[in-house]
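*Asks:* Listed here are the chains, written in short residue letters.
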Amino acid sequence: MFWRGLEEAAGTAAFREYLEREFPRGASEWGSGLDRRQFLKLMGASMALAGLTGCVREPEEEILPYVHPTAALDPGRPLYFATAMPFGGYGRGVLVVSHMGRPTKVEGNPDHPASLGTTDPFMQASVLTLYDPERSQVIRNGEAVVTWDRFVSFMGGALRSMRARRGAGLRILTGNITSPSLLEQLGRIQAAYPEARVHAYEPAYSEEPGTPARYQFDRADVILSLDSDFVYGIPASIPYARAYMSRRLVREDRAAVNRLYVAESSPSNTGVIADHRFVVRPSQMRLFARAVANSVGGNGGVTGGLDARLQRAAEIVGRDLAAHRGSSLVVAGGRQVAEVHALARSMNEALGNVGRTVTYPSTPQGLTPSMDSLRQLVAEMAAGHVEQLVILGRNPVYDAPADLEFLKHLKRVPLRIHMGLYEDETSEHCQWHIPESHYLESWGDVRAFDGTASIIQPLIAPLYDSHTAAELCTVFLGDPARTAYEIVRAYWQERLGEESFEAAWQEALRKGVLPEQVSSTGSAETAVPVDSTAAPRDSTTRSQRGQAEAPRNGTAQEEGPGQGLEIQFKPDPTVWDGSFSSNPWLQELPKPITTLTWTNAALIAPATAEEYDVQNGDIVELAFRGRSVEAPVLVLPGQAPDTVTVHLGYGRERGGRLAAGLGFNAYALRTTDALWFGTGLQMRKTGGHIEMPVTQQHHTMEGGDQVRVGTLEEFEENPAFAQEVIGLPLVNETLYPEYSYPGYKWGMAIDLNTCIGCNACVVACQAENNIPVVGIEGVRRQREMHWIRVDAYYEGDLDEPDLYVEPVPCMHCEKAPCEVVCPVGATVHDSEGLNLMVYNRCIGTRYCSNNCPYKVRRFNFFDYTAGKPETYRMVRNPEVTVRSRGVMEKCTYCIQRIAAHKILAEEEDRRVRDGELETACQQACPTEAIVFGDLNDETSRVNRLKQSPLNYAMLGDLNTQPRTTYLARVTNPNPQLDRRKEVGSTE
Amino acid sequence: MAQLFHPRADAFLKIVVVGGLGLIFLLIVASVKLYNSGYYTRVGVPIEQPVPFSHQHHVSGLGIDCRYCHNTVEQADFAGMPATHTCMSCHSQIWVTSDMLKPVRASYQTDRPIHWQRVTKLPDFVFFNHGIHVQNGVACETCHGRIDEMPLTWKAHNMTMGWCLNCHRDPARYIRPRNAVFAMGWSPPGDQHTLGARLVKEYNIPVGRLTDCSTCHR
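Quick mapping for you: the protein sequence lines, in order, are chains A and B.
The first sequence begins at 5 in the working numbering and counts up one residue at a time.
The second sequence begins at 24 in the working numbering and counts up one residue at a time.
Since the hints were derived computationally from the structure, they do not count as laboratory data.
Some hints here could point you the wrong way.
Think about it this way: if two alpha-carbon atoms lie no more than 25 Å apart in a straight line, the pair counts; the simulated DSS-like pairs of lysine-lysine are [stated by the list, open to error]: (1) A:K950 x A:K819; (2) A:K749 x A:K906; (3) A:K749 x B:K224; (4) A:K872 x A:K749; (5) B:K144 x B:K56; (6) A:K906 x B:K224.
Since the model is a prediction, treat every value here as computed from it, not as a measurement.
Just chain A, with the same shape it has in the complex (with noise of 0.2 Å):
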């Protein structure tokens, strides 16, 4: 049986309600007290005007032309631009569409590596912060805005000296930065301030040591991660999660499905799409490992003290793992600890996978970050080294680890430097704040993970008066009047030969990537002399670190549940590091499988909260080696007893209006030995109370089959498992007239195998269809408005369930229960199929909302749009209405894509072809796990998936016969670990 949350679990009277009732209590009154007298009184007024509004001439509009014709620029004909976006410093490349010179939309870019022509939420949402009112403006020295100017000759002054002297006392502060252009400017400081450091550190990016590994998905048999999520997160998240699902689509060739055991300790994408996941504290899992390892043949050393259930499973996966040598892989977690690293890699030699699932290549690197480096100029701030501090785009009073107390240090530096998208904890403590272009009005280059190099071009003019980090370089390089342009530029001119430059330039920006050879000769870079006192990044010397750190975080991480809890870090999911704190659109999408939204938790199991006697929301303070934070809990299935997940990025102070103040800051727990993990955590309930924003109960529908999952060896006994009638028989009368679609006939399937629940989709719609954000208050009244979400379902018991997710758009019914309830025809049926709002015809009665039984339709309780900044209009979609109070939306299945292809090929005289239309949903998806197109062409794509036996219609037994329809996962379980044929629960 399946479940979506502890309510339902338990059947709670909280639950039935949200089954039962569209709209929570109070959705729809006032929240202060209004009487009956005023309210007549307003309505009266309202009326008696609203009369008047009609009285009004047609406003008068001007049209002001070009006054040179501009080629490619022509209203109403968007145009798309390739860039790339860095994201923890790596390039994910991207087409974005402008309409009128404004970006709105971003899309993959199918030539590049780490996007396959698909996106991720942080991608789809990066537009948002372009137009963001809240990212600085100025250039701030103290108190006073000045210019630039007044910036290069203050510093020209400042840095004579400084040349004098060789450099001693400069120091620059990074990120990632994978720039070959920025680490070349930085190579060039460097040489002309021998004494100067750069170090790097990323508070949220965790990398394996040594030379990191590069995985084959696409070839490996059976798979196990340890508490690694693969599929979402890290550079190569999308080109690892398609090559993955490419192993998952269960269509004729069923021996072709891999095997997935994910070993982890809080729930995560890749955990969602595991066969088999293994609930597994961080303090065991090196453990665990051990025990795969020692199963596997190779001696992974003691295991004592790993429960025995684990060690029983241990043993099962590591003979499973042996018997596909070649084609088996073992992933361990960037956040993991060097043992478990260097067991996963010995693992894999043993099995025979390097070279075959597993590779080494040898990339070219740029900075590489870390904390050491980040101590190490703490150090030197605190022994009073450091005179001119330069912060490029990083925030580290917020989220350096607490222990540094870098704020404390960075206090004796004289000269501070910040440069960033926002005025944020740091720059507030810095005499200087320059504001960072954002990446699509900037000119740059960034390497993907695998080092293929992008030109980062500009959509835009900056907006405010920001600047680059190369350009930034240039006013210690003396030479101010270099724009990011001509550095650029300039860089790839020497690389990619004089005569043919221009020529290759413009196939360089039209394509978003650049030659291969050109990318991988990484000469100039790998000799930049960058941080050279820091461990250079070789797997020898990472791992005797590793080594000798094992003492000591191994013996407090061994050590047993009397000792406290375990709290482990990760970075959020949708605001990241707080990087994207800001953005309300990554705000408001729920978490994967939590489904919060815009605040952070203590994520802990139930068996915990009983132990600790907490619900979701009470407030507990969480004290960790001697600091302390105040949380609310949220309990969550599926998460390892006796630990606390903490989300990093929230708890800002500064950075935004909209950042500050939301969740707690989970960074003021962190310490250097503590990066990820750490035993010893106090959980103490305060009293204190807080309703969580969370979603997941908020379309509950009625009826029991919504997902439907089976096992490898039930599909193969009867492929059509998931047609099989559940609920009412399935009648194919009804009263209803019966349409016919001579031209057109849309419909869409939805892979249940291959969705990751990653929630790109989600915000790929926002985007695409001007899709309002509530806030919080609004979350909390159930007044989200995402026209597309993505349900998190639960099977099992408590503690170690199976997860599943599925996205949830309008069904599009054949037999729309909506469409008869709406006393004004707002919403009706249209000739090619779809089930339409017509915006002008609602009055709000919300009778179809009412109706709907997958709960897919969204009402404007305001005007959500009205009031907000300037410059969010720009990122509206001109080809979509923008949607007032009182009215009812949904899901158009792009209505506005559809017509502009129809008309396209109408133009050339031809059909649509299949695959050139895409929804916006389906043009995100990183696993290409939904499918839209024409059921009237037979050969489409869509046909085929609906063909499939596995496609089942949601809640069909309703008779309502929906063209979206669902392909029933198949889950390919190792027979001796099959713990749902115990629970025997497929149904």
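Take the given structure of chain A and dock chain B to it, following the hints.
*Replies:* Frame of chain A; chain B shown alone:
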């Protein structure tokens, strides 16, 4: 029993009732008239422009094709408005000292656009595409009237939804062969409806679909 009402009260009541109803009727008629009048719809009302541009002179006098200035009309939503540069391609040679053209020269010199007043406007919730209409044989004249006879441009039709639906319900009544789309004063050789029906078939115009709300509203 004494009469409660004066005999004249009856007449008074009649006058009030009939007169009141008449007044309401007149008000309705007046509102409808006003709604459909040029004052309200601006149909037939020449719009004053910063430069008194005459389509009459440029189209019928000089024979300039519509697409010379409205250059995106065949592909895009927006028909296109000529850049000042386009005007200057002729007016740097002829009428170079004309006072009337002063704003054009000023625009060209100062790099600031001319502020043309919109003549036809659709509400923001209507998504109209010129390209597909031109492609399917809807002539300029069908919606914009005899542009070639307008010294100053005015709106030829009220462009309300009912007016659009006239054609969307039965395009055969209006559409022309593609080669006559830019012609002014064209009349069908023979019966329009027979020709139209043939063209609808030939151009694959999806007639039933044209009245879907989503054709124009999304």
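*Asks:* Does each hint fit the structure? Answer for all of them.
*Replies:* Right, here's what the structure says about each hint:
1. A:K950 x A:K819: Within the cut-off at roughly 18 Å; holds.
2. A:K749 x A:K906: Distance of about 13 Å is within 25 Å: holds.
3. A:K749 x B:K224: The hint holds at about 20 Å.
4. A:K872 x A:K749: 38 Å, violated
5. B:K144 x B:K56: Holds. B:K144 to B:K56 sits at ~21 Å (cutoff 25 Å).
6. A:K906 x B:K224: 17 Å, holds
Violated hints amount to a single one, hint 4; each of the other numbered hints is respected by the structure.
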